[in-house]
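Fit chain B with the ligands to the given chain A structure using the hints.
Going down the list, the protein sequences come from chains A and B. Residue numbers 1 to 272, in this note's numbering, belong to the letters of the first sequence in order. Residue numbers 1 to 305, in this note's numbering, belong to the letters of the second sequence in order.
Keep in mind the hints are simulated off the structure, nothing from the lab. Keep in mind that this is a model prediction, so the values were computed, not measured. For every residue, glycine included, the Cβ atom is placed at its ideal position computed from N, Cα and C. Careful: at least some of the hints might be erroneous.
[Stated by the list, open to error] EDC-like cross-link-like pairs, simulated, lysine to aspartate or glutamate; straight-line CA separation at most 20 angstroms: (1) A:Lys119 <-> B:Glu96; (2) A:Lys119 <-> B:Glu84; (3) B:Lys141 <-> A:Glu117; (4) B:Lys141 <-> B:Glu121; (5) B:Lys138 <-> A:Asp131; (6) A:Lys119 <-> B:Glu90.
[To be verified] Covered stretches of chain B (in silico footprint by chain A; criterion: 3 or more residues with CB under 8 angstroms from a CB of chain A, positions within the stretch not fixed): (7) 72-79; (8) 93-106; (9) 250-260.
[To be verified] Which chain A residues face chain B? A few, computed with CB under 7 angstroms, are given here: (10) Asp4; (11) Leu6; (12) Pro128.
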Amino acid sequence: MNRDALFAVLRKDLLAVTRSRGVMIPIVLVPVVMLVLLPLLVTFAPQLGNLPGNTLSELQTFLERAPAALKASVAGYSPAQQVAVLALVYFFAPLYLILPLMVSSVIAADSFAGEKERKTLEALLYTPTSDRELFLAKALSPWLAAVLIGLLGFAVYSVVGNLVAWNLLGRLLFPNWLWAALALWLGPAVAALSLGVTVLVSARVNTFQEAMQLGGVIVLPVVALVIGQATGVMYVSTGLVLLMGLVVWALNALVLTLAFRLFRRDNLASRL
Amino acid sequence: MNPVIQTHQLSRRFGEILALDGLELEVAAGEVFGFLGHNGAGKTTTVRLLNGVLEPTSGQAVVLGLSPARDGSALRRRTGVLTETPAVDERLSARENLEIYARLYGLGPAQARARAAQLLEQFGLAGRADERVGGYSKGMKQRLALARVLLHEPELIFLDEPTSGLDPVAAREVHELIRGLQAAGRTVFLTTHNLAEAQLLCHRVAVLERGRLRAIGTPEELAGRLGGVRLVLEVTPATLPAALSLLPKAERRENGSLSVPGVRREEVPALVSRLAAGGVGLYRVSLEEPSLEDVYFALHAEEAP
Ligand SMILES: Nc1ncnc2c1ncn2[C@@H]1O[C@H](COP(=O)(O)OP(=O)(O)OP(=O)(O)O)[C@@H](O)[C@H]1O
Ligand SMILES: [Mg+2]
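Bound conformation, chain A alone (with noise of 0.2 angstroms):
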C-alpha cells in the first residue's frame, strides 16, 4: 500500500469538497438544522405554554407502552419536562443519523459520479496507483469527513442539549451511553453503508446529482426508524443501536466488498 499515493488522492478529493457549494451548503446546513434549530425548538414550544391537548394524550399513550427504562428516565416530571427528554435523548436520535449518511453520501457522490461527469477519472487512472489504492482512497475520505462531522455535531448537540436541559431540568442529559452508541459505533456503520451504496450507484450513473437522488434511498431507512419511534412501534435503546450497527456493519462488508468488484480500472475506464 502506497501511503504517499493515498493521501494524496484524499488532499485532493476533501480539497475539491470544500470548494464546491453543491457539496458544502447541505453539509452546513443539515447539522445546524436537525442538531441545533429543531430540538431548541421542540424542547422550548411546550414552555411557551401552547402544548395541544392531543399531545398530552399522545404522550401518554407513548410513555404507557414504553419499556421499563424509558419510563424510568422521565418519572417524576411534569409533561412538559417530559416531553424534553423524550425529545432530545430518544425522538432525535434516529434523526441524527441523517448526518453521517448525508455528508458521506454527497461526498461520495462528488469524488465517484463527479469525478466522472468532471472528465477528471482518466487521469487519475493512468497514474500508478493501484486499483485497491485507488478505492481505498476515494472511498476513505468521504467516510472520514462523515465520522468526523458526526462526532462534531454529536459534541454541538450535547452542548445544546444539555444547555436546554440545565434550563428545564436542572441537570445535564449529555453523554449518555445511547447516544455513545450512536455517534461511535452505529455512525460511522451508516456513514459506510451510504458510502458504499453511493459508490455502487456512482458506478452506474453519469453525474453528481443523479448519484445524489438514486443515492438518496439510503435515508429511507432512517425515516421509517423516526417514524416507528414516533408511533410507538418501536423504541430506540442503547441495545438496539448496538445490535443495529452489528447488522449495518455486516451489511457493509458485502456492500463495499461489491462496490471494490465494481471499482476495477478496465470497468471504470469503460464506462467513461
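The following block gives chain B with the ligands in isolation, referenced to the frame of chain A:
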C-alpha cells in the same frame, strides 16, 4: 531497433463493437510515432490498452519491457499520458493540481513542490499558478495538463490528440514541446486525425481505420502511396460542364469548387493548358495538402481489384 512498444494481435471488444482488431505494432525508443485515425478508429482505446487502463480481449502488448495488463502500476510510473480532454481539476489551483499528481507519481513532498514550480514556470503559468483552474482558458488548461504529464519525467509519452481544439499559436507551442521531448530522447506516441501534423512531427506513422491497422511507414512512404496531391479549381459557372467532362475524377465541393484527387505535381501545367484549351474559365488553381481522407482513399484504391 530497440522496441519500446510491441503489440501482437492486440484486440479489444466492447459488446458488439470491435474497437481494436488485431493490432501489430512496434515503436522504437526515441521515436515520435504518429497514430492516425478518425473519430472512433480506436486510438484512445489503444492508448488505454498500452497503459494497462483497459485490458485486452485478446492478444498481448509489451511496453517498456512490461505487460500493461499484469504490471500496470510499474509501467505507469514510467509513462505519461495526456488524455483527450485536459482532465485537470477545476476546483484546484494549477499548483495544487501539479503537486498532488507529483505525489501520486511517487515524488517526495519537497521534490513535488520544486518540480511543480519548475513546470509552472516552463509552461508560462507561474503568474496565475495559485488561481483555480476553472477560470483558465482552454489553452492554459491544456498547458497545465501537458505539464502534469511531464511531472515524473516519463520515458514514454502518450499524447492523445494534443492539438485538437487549440488555436494555431497554441498548436504550434505543442509542436515545439514535442520536438523538445524528441530532442531529449523521449519516445512519443502521438494520436491525431491531422495528417499534416503527423507529417510535420513524426518519424513514422500508422493509419488506423475502424480498429484495424491500414498502413504503417514513414510520412514519405505514406505520401508516396497517396499517388499525388489534390488539385482544387474554381471555374466560371458557365464552363463547369466542360471542366467536369475534362476531369472525370473531379468532385464538386459545397462551395462550388472542384477537387481532383491523385494528381501528380508534374502533371499540373499540362492539365491547366488542357482546361484552358477546352474553353474552361479558371478563377483559381491551387494544390492542397493531402488529408487523412486522401490516405484512406488511396489505401482503398490500392485494395480495389
Ligand atoms: N467503453 C466503451 N463502450 C462501448 N464502446 C466503446 C467504448 N470505448 C470505445 N468504444 C468504441 O470503440 C471504438 C473506438 O473508440 P476510441 O475512443 O478508441 O476511438 P478514437 O480513435 O479515440 O476516437 P476519437 O477520435 O473520437 O477520440 C468506437 O467505435 C467507440 O464507440
Ligand atoms: Mg479518442
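*Hint by hint, which ones does this structure get wrong, listed from lowest number up?*
Hint check: 5, 9, 11 fail, others pass.
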